[in-house]
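Peer 1: Spelled out from the first residue to the last, the chains are:
2 protein chains.
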Amino acid sequence: MNQIKGGVTAPKGFRAAGEAAGIKPGSTKRDCALIVSDAPATVAGTFTANVVKAAPVHWCRNICAVGSARAIFANSGNANACTGKQGDDDVSATAKAVGKALGLPYKEICVCSTGVIGVPMPMDRLTQGVTACAQSLAQDGGAAAAEAIMTTDTVPKEISVEVPMIKGTARIGAIAKGSGMIAPGMATMLCFITTDVAIAAQPLQRLLRQAVDRSFNRMCVDNDMSTNDTVLVLANGESGIPTLGPGSSAYAAFGSALASVCEEMAKTLVRDGEGATKFVEIQVSGADSNEDALAVARSVATSQLCKTAFFGQDPNWGRLACAAGYAGVEFDPNRLAIRLDDVQVFDGGMPTAYEEKDAAAAMRKPEFVVALDLGGGPGSAVFWTSDLSHDYVTINADYRT
Amino acid sequence: MNQIKGGVTAPKGFRAAGEAAGIKPGSTKRDCALIVSDAPATVAGTFTANVVKAAPVHWCRNICAVGSARAIFANSGNANACTGKQGDDDVSATAKAVGKALGLPYKEICVCSTGVIGVPMPMDRLTQGVTACAQSLAQDGGAAAAEAIMTTDTVPKEISVEVPMIKGTARIGAIAKGSGMIAPGMATMLCFITTDVAIAAQPLQRLLRQAVDRSFNRMCVDNDMSTNDTVLVLANGESGIPTLGPGSSAYAAFGSALASVCEEMAKTLVRDGEGATKFVEIQVSGADSNEDALAVARSVATSQLCKTAFFGQDPNWGRLACAAGYAGVEFDPNRLAIRLDDVQVFDGGMPTAYEEKDAAAAMRKPEFVVALDLGGGPGSAVFWTSDLSHDYVTINADYRT
Numbered sequence: 000m001n002q003i004k005g006g007v008t009a010p011k012g013f014r015a016a017g018e019a020a021g022i023k024p025g026s027t028k029r030d031c032a033l034i035v036s037d038a039p040a041t042v043a044g045t046f047t048a049n050v051v052k053a054a055p056v057h058w059c060r061n062i063c064a065v066g067s068a069r070a071i072f073a074n075s076g077n078a079n080a081c082t083g084k085q086g087d088d089d090v091s092a093t094a095k096a097v098g099k100a101l102g103l104p105y106k107e108i109c110v111c112s113t114g115v116i117g118v119p120m121p122m123d124r125l126t127q128g129v130t131a132c133a134q135s136l137a138q139d140g141g142a143a144a145a146e147a148i149m150t151t152d153t154v155p156k157e158i159s160v161e162v163p164m165i166k167g168t169a170r171i172g173a174i175a176k177g178s179g180m181i182a183p184g185m186a187t188m189l190c191f192i193t194t195d196v197a198i199a200a201q202p203l204q205r206l207l208r209q210a211v212d213r214s215f216n217r218m219c220v221d222n223d224m225s226t227n228d229t230v231l232v233l234a235n236g237e238s239g240i241p242t243l244g245p246g247s248s249a250y251a252a253f254g255s256a257l258a259s260v261c262e263e264m265a266k267t268l269v270r271d272g273e274g275a276t277k278f279v280e281i282q283v284s285g286a287d288s289n290e291d292a293l294a295v296a297r298s299v300a301t302s303q304l305c306k307t308a309f310f311g312q313d314p315n316w317g318r319l320a321c322a323a324g325y326a327g328v329e330f331d332p333n334r335l336a337i338r339l340d341d342v343q344v345f346d347g348g349m350p351t352a353y354e355e356k357d358a359a360a361a362m363r364k365p366e367f368v369v370a371l372d373l374g375g376g377p378g379s380a381v382f383w384t385s386d387l388s389h390d391y392v393t394i395n396a397d398y399r400t
Numbered sequence: 000m001n002q003i004k005g006g007v008t009a010p011k012g013f014r015a016a017g018e019a020a021g022i023k024p025g026s027t028k029r030d031c032a033l034i035v036s037d038a039p040a041t042v043a044g045t046f047t048a049n050v051v052k053a054a055p056v057h058w059c060r061n062i063c064a065v066g067s068a069r070a071i072f073a074n075s076g077n078a079n080a081c082t083g084k085q086g087d088d089d090v091s092a093t094a095k096a097v098g099k100a101l102g103l104p105y106k107e108i109c110v111c112s113t114g115v116i117g118v119p120m121p122m123d124r125l126t127q128g129v130t131a132c133a134q135s136l137a138q139d140g141g142a143a144a145a146e147a148i149m150t151t152d153t154v155p156k157e158i159s160v161e162v163p164m165i166k167g168t169a170r171i172g173a174i175a176k177g178s179g180m181i182a183p184g185m186a187t188m189l190c191f192i193t194t195d196v197a198i199a200a201q202p203l204q205r206l207l208r209q210a211v212d213r214s215f216n217r218m219c220v221d222n223d224m225s226t227n228d229t230v231l232v233l234a235n236g237e238s239g240i241p242t243l244g245p246g247s248s249a250y251a252a253f254g255s256a257l258a259s260v261c262e263e264m265a266k267t268l269v270r271d272g273e274g275a276t277k278f279v280e281i282q283v284s285g286a287d288s289n290e291d292a293l294a295v296a297r298s299v300a301t302s303q304l305c306k307t308a309f310f311g312q313d314p315n316w317g318r319l320a321c322a323a324g325y326a327g328v329e330f331d332p333n334r335l336a337i338r339l340d341d342v343q344v345f346d347g348g349m350p351t352a353y354e355e356k357d358a359a360a361a362m363r364k365p366e367f368v369v370a371l372d373l374g375g376g377p378g379s380a381v382f383w384t385s386d387l388s389h390d391y392v393t394i395n396a397d398y399r400t
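Sequence order for the protein chains is A and B.
Heads up: the first sequence is residues 0 to 400, going by numbering that gives the first Met the number 0.
Heads up: the second sequence is residues 0 to 400, going by numbering that gives the first Met the number 0.
Everything labelled a hint here was simulated from the structure, so no lab data went into it.
Careful: at least some of the hints might be erroneous.
With a Cα cut of at most 25 Å, we get these calculated DSS-like pairs of lysine-lysine [as the list claims (entries may be wrong)]:
1. A:Lys356 / B:Lys23
2. B:Lys356 / A:Lys23
3. A:Lys166 / A:Lys4
Here are some chain B residues the structure puts well away from chain A; computed CB gaps all over 12 Å [said to hold, decoys possible]:
4. Asn61
5. Ala78
6. Lys95
7. Lys99
8. Ala142
9. Val154
10. Lys266
11. Val368
12. Val381
Quick list of the computed label-pair ranges, beta carbon to beta carbon [as the list claims (entries may be wrong)]:
13. A:Gly102 / B:Ala359: 47 to 57 Å
14. B:Thr153 / A:Ser135: 55 to 65 Å
15. B:Asp287 / A:Gly327: 15 to 25 Å
16. A:Gln134 / B:Asp331: 37 to 47 Å
17. A:Thr276 / B:Pro365: 28 to 38 Å
18. B:Arg334 / A:Ile165: 49 to 59 Å
19. B:Arg213 / A:Gly244: 50 to 60 Å
Predicted model only: the values in this text are computed from it and were never measured.
Don't be surprised by glycine CBs; every beta carbon is placed ideally from N, CA and C.
Modelling step: build the complete structure from the supplied sequences, incorporating the hints.
Peer 2: And the structure:
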């Protein structure tokens with residue numbers, strides 16, 4: 000698997016665009032993105048588990064249930080969440096406008112939104128955005144689309160790879176946004192993935208679910224789950240590689256590459272987390288099961304006290320042991336061991352005779368590993384998190400005011 | 000029920016002391032507390048659910064399993080957590096020192112600690128603290144004891160009440176400490192309650208469990224559960240009121256008063272939360288069950304985004320709706336209503352036409368109510384929380400360094 004250029008337009012048969020429509024009053028930044036497959040494509044998606052779902056989430060879930068899509072239209076600046084029946088009507092009107100502009104059935108147009116919530120979508124400006132995107136669709140439009148879905152992100156996020164297969168080369172491209180649950184208070188993680196392999200909707204959904212479970216579901220900035228979170232993948236078969244069937248080595252190779260792409264995008268989101276100054280990989284081993292390990296990793300990764308210690312560059316094994324201890328997982332605290340990068344700071348339930356300066360040096364790095372060994376079974380898990388900084392508080396205390 | 004003065008020494012037959020022993024090197028503040036019942040007393044306790052438990056927690060749990068105690072000795076400045084077998088030995092040595100100084104069996108001496116973890120207890124200085132406390136025990140020593148258990152608390156925390164009963168007056172006193180999980184990363188919520196009613200250990204344990212479930216288990220500053228959290232109640236019967244038996248009205252009256260005392264202490268802890276500038280009562284109604292309501296209230300109360308919005312005085316109903324939505328509780332988002340004090344900001348799943356200035360005015364107050372009505376069944380719950388401020392980050396990022 001090699002990285003290549005192009006983002007979502009790297010796979011064959013995809014075009015994209017990003018245009019400015021002024022969705023957020025007064026803004027002149029790109030805020031409308033369009034990704035189109037030139038050929039019919041299968042689609043799969045994963046969505047927020049929040050009971051409070053934005054209107055576009057319901058729309059995309061219905062499309063994924065059928066399994067065919069030709070395009071994804073997304074806007075930033077307005078999340079179309081908590082907008083009642085009007086919100087649903089606006090989503091289908093948007094899909095119809097895109098379908099008309101492209102000459103495609105509107106029920107194959109995915110629609111996604113991110114931004115402020117509780118505000119009706121400015122449909123006049125959004126429709127202008129649809130028209131502008133349809134006109135500027137290009138084979139090198141991936142970067143513009145990546146830019147158009149940004150909210151408080153400080154950098155656009157895209158990746159593309161090629162995967163050598165026995166009968167040709169598959170490509171996967173992705174763009175994503177999200178650096179916290181922003182805009183007033185929730186906003187969104189969005190990730191759009193394109194690929195030119197041929198694969199039926201159901202196995203594609205299965206591979207996406209696996210990839211998301213090992214990537215976006217293993218990261219956090221602030222642990223607040225948005226109303227709009229959406230990951231979509233379109234597969235259009237334009238690579239010419241025969242259809243990937245479950246059980247084949249090509250299917251496995253594609254699934255593995257898809258998981259890698261999702262993992263890279265998830266890490267990119269954490270690195271650009273709101274106010275983040277650190278990227279921390281939490282590794283848990285020695286648990287009775289992978290589920291137990293994941294619970295401990297999540298507990299440490301989401302602890303406010305651990306995250307402020309990361310920000311303070313404080314080798315505070317006490318907070319790490321404590322957060323592990325309240326994860327709801329049984330383990331023998333007298334066998335607990337903790338490592339900060341390669342510095343063993345805790346072993347057998349007690350601090351080691353480590354050098355404070357070595358531990359502090361590990362944490363001064365912008366990226367480091369926190370490894371917890373529970374001293375039990377073979378279960379393990381990895382989780383990515385950021386620190387909790389003054390900037391996080393500033394960004395989120397002052398967002399609307 | 001009337002408030003009276005005296006804290007833990009308000010009930011008859013209790014004396015207390017608080018002395019400085021320099022547990023934390025260089026400190027001259029009071030750091031050793033002793034509470035003694037002049038007569039034999041029953042004891043009940045609730046303890047941290049953290050798998051990683053400090054040595055004193057194991058000690059006190061064993062005493063509560065038997066049900067008889069005469070004294071509580073507590074120190075701040077060192078949590079005696081993650082200290083291995085030495086930690087256990089130090090606890091029993093402390094109990095023996097107290098027992099010897101008071102002429103009481105050491106297995107009836109509760110020992111509690113709070114402060115830095117992973118550091119062996121300085122037993123020479125602690126023993127001096129035991130001696131000093133035993134010498135200065137006094138009927139008005141409650142305030143000194145309250146002061147001695149403080150760590151990052153900005154105010155000592157005590158309360159005492161008298162409860163008129165048919166056959167006399169019962170008194171309950173309490174002291175508590177805790178303003179976050181401090182000292183490197185965990186430290187402690189401690190609450191010691193005294194009462195002069197006569198009640199067997201088992202019903203006392205039941206009443207305490209109920210009181211704690213409705214008070215300390217319904218508050219949060221940062222949602223990190225410490226290794227040392229302990230609530231103890233001693234009942235010595237010195238009021239002369241006949242023994243309270245389950246089912247009697249006196250038993251119910253005492254249980255209710257005990258719950259009120261715990262609730263007041265819990266609120267006091269939240270008000271003094273690390274960096275807290277706001278005290279927020281989360282009220283949830285219209286849930287299918289009280290458990291569901293509690294889960295939603297806890298989700299809102301612990302959301303970093305909601306807590307930063309409280310700090311920013313931002314009437315951000317979006318974050319409130321979002322945190323309710325990911326609580327793991329099913330409800331119809333189209334029936335959700337949200338109120339900030341008396342300003343209805345959200346109804347029927349959408350924002351109302353409220354005046355922004357009214358909502359902002361509610362949140363500028365140091366204490367306010369956030370009420371969420373899920374629009375379903377009769378389940379309800381209350382939870383108390385603070386805001387997430389710059390000072391919280393400063394306090395916790397810089398604690399050890």
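Peer 1: Now look at each hint and say whether the structure bears it out.
Peer 2: Quick rundown of the hints versus the structure:
| no. | hint | in the structure |
| --- | --- | --- |
| 1 | A:Lys356 / B:Lys23 | holds (22 Å) |
| 2 | B:Lys356 / A:Lys23 | holds (22 Å) |
| 3 | A:Lys166 / A:Lys4 | holds (22 Å) |
| 4 | Asn61 | holds (17 Å) |
| 5 | Ala78 | violated (8 Å) |
| 6 | Lys95 | holds (24 Å) |
| 7 | Lys99 | holds (29 Å) |
| 8 | Ala142 | holds (30 Å) |
| 9 | Val154 | holds (22 Å) |
| 10 | Lys266 | holds (21 Å) |
| 11 | Val368 | holds (18 Å) |
| 12 | Val381 | holds (21 Å) |
| 13 | A:Gly102 / B:Ala359: 47 to 57 Å | holds (49 Å) |
| 14 | B:Thr153 / A:Ser135: 55 to 65 Å | holds (59 Å) |
| 15 | B:Asp287 / A:Gly327: 15 to 25 Å | holds (23 Å) |
| 16 | A:Gln134 / B:Asp331: 37 to 47 Å | holds (41 Å) |
| 17 | A:Thr276 / B:Pro365: 28 to 38 Å | holds (31 Å) |
| 18 | B:Arg334 / A:Ile165: 49 to 59 Å | holds (55 Å) |
| 19 | B:Arg213 / A:Gly244: 50 to 60 Å | holds (57 Å) |
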